[in-house]
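Engineer: Here is how the chains run, residue by residue.
Number of protein chains: 2
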Amino acid sequence: MKARVTVTLKAGVLDPQGQAIEGSLKGLGFSGVASVRQGKVFDLVLDGASEEEARIAITQMCEKLLANTVIENYAVEISN
Amino acid sequence: MKARVTVTLKAGVLDPQGQAIEGSLKGLGFSGVASVRQGKVFDLVLDGASEEEARIAITQMCEKLLANTVIENYAVEISN
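Just so you know, the sequences run in chain order S and R. Number 36 in the numbering used here belongs to position 36 of the first sequence; there are no gaps in the numbering. Number 72 in the numbering used here belongs to position 72 of the second sequence; there are no gaps in the numbering.
Keep in mind the hints are simulated off the structure, nothing from the lab.
Subject to a maximum C-alpha distance of 16 angstroms in a straight line, what follows is the list of computed EDC-like cross-link-like pairs (lysine to aspartate or glutamate):
(1) K40(S) / D43(R)
(2) K26(S) / E63(R)
(3) K10(R) / D43(S)
Could you build the full structure based on these sequences and the hints that come with them?
Structural biologist: The structure is reproduced here in structure tokens:
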């Protein structure tokens with residue numbers, strides 16, 4: 001069972017890394033860039049679990065380790 | 001125009017950060033985790049471009065700044 005967890009900053013949370021990338025892109029001549037926000041992605045492989053069990057386990061992983069839920073949102077996509 | 005760029009390590013490239021997360025998840029009792037690979041996601045907002053122009057610009061951004069194409073793959077999703 002494969003899963004992808006995408007962790008992004010909540011709206012309103014300052015993202016200095018994203019701002020630095022935005023500045024660099026403008027410096028390279030990409031003038032149409034209005035905003036950049038950076039997040040993280042985790043590609044997980046889980047052994048022998050049903051999709052429902054996997055979703056429950058991954059939600060716990062996000063709450064405990066993968067995301068800081070005070071400032072970050074997470075989304076879980078499960079494939080086969 | 002919004003776009004999401006997902007940058008992931010190519011297969012075979014060592015991912016010590018992913019291995020550390022895998023170890024931590026196992027330490028927390030998630031024994032079913034077989035593999036973790038970490039990547040990056042960039043949420044971009046672009047001013048006034050058609051979807052085709054945006055795709056061309058974002059591909060150039062990936063090649064020049066957002067991804068290290070020696071060791072990383074990138075995927076671009078464009079929405080409205």
